[in-house]
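Taken in sequence, the protein lines are chains D and Z.
Residue 1 is where the first sequence starts when you use my numbering, and the numbers rise one by one after that.
Residue 1001 is where the second sequence starts when you use my numbering, and the numbers rise one by one after that.
Note that these hints are calculated values from the structure, not bench results.
Do not rely on the hints blindly, as some may be mistaken.
What the hints assert, rightly or not - In silico DSS-like pairs for lysine-lysine, Cα to Cα no more than 27 angstroms straight-line:
(1) 223/D to 211/D
(2) 1262/Z to 1220/Z
(3) 223/D to 1065/Z
(4) 1061/Z to 1033/Z
(5) 1199/Z to 29/D
(6) 57/D to 29/D
(7) 1219/Z to 1232/Z
(8) 1033/Z to 57/D
(9) 1120/Z to 233/D
(10) 1100/Z to 280/D
(11) 1150/Z to 1199/Z
(12) 1061/Z to 1221/Z
(13) 1199/Z to 1221/Z
(14) 1220/Z to 280/D
(15) 1219/Z to 1262/Z
(16) 233/D to 1220/Z
(17) 1033/Z to 1199/Z
(18) 1232/Z to 233/D
(19) 1232/Z to 223/D
(20) 1120/Z to 1262/Z
(21) 1262/Z to 1033/Z
(22) 1061/Z to 1100/Z
(23) 280/D to 1262/Z
(24) 1221/Z to 1262/Z
(25) 1065/Z to 1100/Z
(26) 233/D to 1061/Z
(27) 280/D to 1065/Z
(28) 1120/Z to 1221/Z
(29) 233/D to 1219/Z
(30) 1150/Z to 1100/Z
(31) 1199/Z to 1219/Z
(32) 1199/Z to 1061/Z
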Amino acid sequence: MFSHLILGLRNAGLPASITEYLTLMAAMKAGVAEYSVEDFYYLSRATLVKDERHLDKFDRVFGACFKGLEPPEGVKPQELPEEWLLKLAEKLLTPEEMKKIEALGGFDAIMQRLKELLAEQKERHQGGSKWIGTAGTSPFGAYGYNPEGVRIGQDKSRNRSAVKVWDKRDFKDLDDTVELGTRGMKLALRRLRRFARQGAATELDLPDTIKSTANNAGMLDLKLVPERHNTVKVLLFLDIGGSMDDYVKLTEELFSAARSEFKHLEYYYFHNFPYERVWKNNRRRHEEQIPTWQVLRTYGPDYKLIFVGDGAMSPYEITMPGGSVEHWNEEAGTVWIERLTGHYRRAAWLNPTPKPGWGHVRSITMINDLMEGRMFPLTVNGIDEMTRELSR
Amino acid sequence: MAGFRSTERYIASRDLEVAVNASVTLQRPLLVKGEPGTGKTVLAHEVAEALDHPLIEWHIKSTTKAQQGLYEYDAVSRLRDGQLGDERVHDIANYIVRGKLWDAFEADEPVVVLIDEVDKADIEFPNDLLLELDRMQFFVYETRRTITAKHRPVVIITSNNEKELPDAFLRRCFFHYIRFPDRETMERIVQAHYPDIRKDLAREALNVFFQVREVPGLKKKPATSELLDWLKLLMVEDLPVEALRTNEKQLVIPPLYGALLKNEQDVHLFERLAFLARRG
C-alpha cells in the first residue's frame, strides 16, 4: 500500500529495507498511528529513518509521495565562474608571457580553449594528452604557460603536478562528524588499537597465579596486576587542499575513524608538504598557524606520526627552499621531513592514491625514500601493514 | 490504547509519543539520539512511570561487554570454593552471575530496560546484542539453558553519536532524534519543572539562555538540563531580575554561569566576547 514511499526513499538513497517496511505495516495494523496523517508521518519516520542526517531527505520524499509533488530536478550543472580564468591568468602569467601568447593566437582564443577544456574535463574521464595539468603534453604546456603544468581548481585528473595553486580556496574543515561508511575503516583501525594496548588488559595475572599456586603446594594463590591503560599517542598530519581535494572524503573517513579509536590523538593540517608551519583549524589557516618547531617541542618522540597525503606535487616543493606553493619556505621540505621523522621514530605516510600508480609520480617516490619506504596505501590492507610497521 | 503521553514533568513532542508507542506496541527497541542534555535518559524513566513498569538501567562504559548484560561466569570464586571444599562448587549454576538483561527477561512483570549511551562501548557491542534484542532470548553455555523473556521488555537505547551503529542493529529499532526544543516548548518545560517560578525571571533567564546558545564557537552548548540546573540556582539565590537583564547587542556574563558553561575554554571565550562587547 505504501510501497511507493519505500521505493521513493530507496531512490533518494535512504537505506530503508523490507524489514522496516514490514515493521511499519505491523505498526499500522496495531493501530499506532490512529488514522491521523500526522501520526502516520511520525510513525513512518521512526520506522524508516535511522539517522538524523536522513531526516530532511525523508521529509522531502514523504512530501513528494503524499502530495503528488514532483521531485526537484537534478542539480543544475555548475557554471564555470569567469573569475577563475581571469585569476588564473593574472596569477600565472608575467607580461612577457602574455605577449608570447598574443603571438600564438591571442589571449582570448587561448582562454576560450581553456574554458572549453575545463567544461569538458568536468564531465569526461581524465587521461589522454589534452587535459590541463598533464605536464608537457597539454597544449598549455606547449604554449609555455608553465613548464610544469597548470593545475586548475576542480578538475578530477590524477597525477598532475602543480606549481602554483591559483586561488585561496576556503577549504572545508575536515568534518569529524562525517561518519558515512566509516565502519569498515574503523574496523580496520581496530588493528591500530591492538598495538595501542600493548599487552592485553588483564586483571588476573594467570601465569603468575599458576606459578605461585604451584609454589604454594597447590593452594590457590591469586596474583593480580593492575589494568593497563591505553597509552598510545598518535600525531596525525593531514594534507588538505590542492591535489588532495579528490581525496578529502577518504581522508575525512580515516580522520573520523581515528578520532574515536585513540585517547591521545593530535592532528594538524598541512598543504602538500609539511614545512615550518602547520595549522589546526582550516577555516582560519592563515591566521592561526602553529610553528612546526612548537609541535616538535610539545609532543615527545613516543608519539606515532602518521602523514596522510597523496604526495602528488612538483619535486621542487620537496627539495628546494622556497618551493612551497603557498609561501616562501626558508628551508626545503626535505629538511623538515627529516626533522620530523628524526624526532618521531615511528612514522608512516598513508597515501590515498592507488599503489600501482606511485612509481609514475616522482614526488611520491621521493617521499617514499624520505620515509624509508614506510608509505602505505589508504586501504584496509595498507592500514594493516602500517600498523605492523608502527608497532614493531 | 494506553500509551505514553507528555506528563506534568516531562514534555514530549507528538513525534516522540508516536515513536515510543510504536516501540511499545511492536515490542521492539527504541533508539533515541539527540544533543546531550535534551532528556534522552529521562525519557526511559518517564516511560517506565507512564506504563507503570519497573525500570532496569544498564549504563554502558567503554569497557562494557555485551556478555556482561547477559551473565558472567565467576570462575575465580569457584576455584576458591574448590580449594576450600565448599559444597556449592558442584553446581556450576552457583557461579553464574546474572546481568541486567537476564533480570529483565526473567522478571514476572513487563519491565522497561534502559541501555544508556550504547555508543560508548566497543564498536562490536551492538552486533553482539542483535539476537538477544530481536528474539529476547539467549543461551547460557555453562548450564545449557536458554533464557527466554517471560514478557518482552520495552527497550530504550540512547546514543550520543560517538560511534556509528551497525545497519543490522538499526534495522531492528525504531528511531527518534530529540531536537533541541524551541522557545515555546522550552517555556512549557520550565513551567513543568518549576511551576512557581516568577514569570519575569523565567523570561529573562530564557533570553540569556538562548543568547548564550547562539555564541559561536562554544564547545558545549548549554542544553535543557543545564538550563534547569541554572534556574534552580537562580531561584535559590533569589536574584533580582535586573541582574539578568540584557539588551540585544550587549553580552553580559550571566550570574552563576558555572551551571551553563561546563568548560573553561567556553568561559574564557565568553569572557572575551563580553569584554569586547563592553568596549564596543
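| request: If any of the earlier hints don't hold here, list their numbers in rising order. | output: 5, 10, 11, 17, 18, 19, 27, 31 and 32
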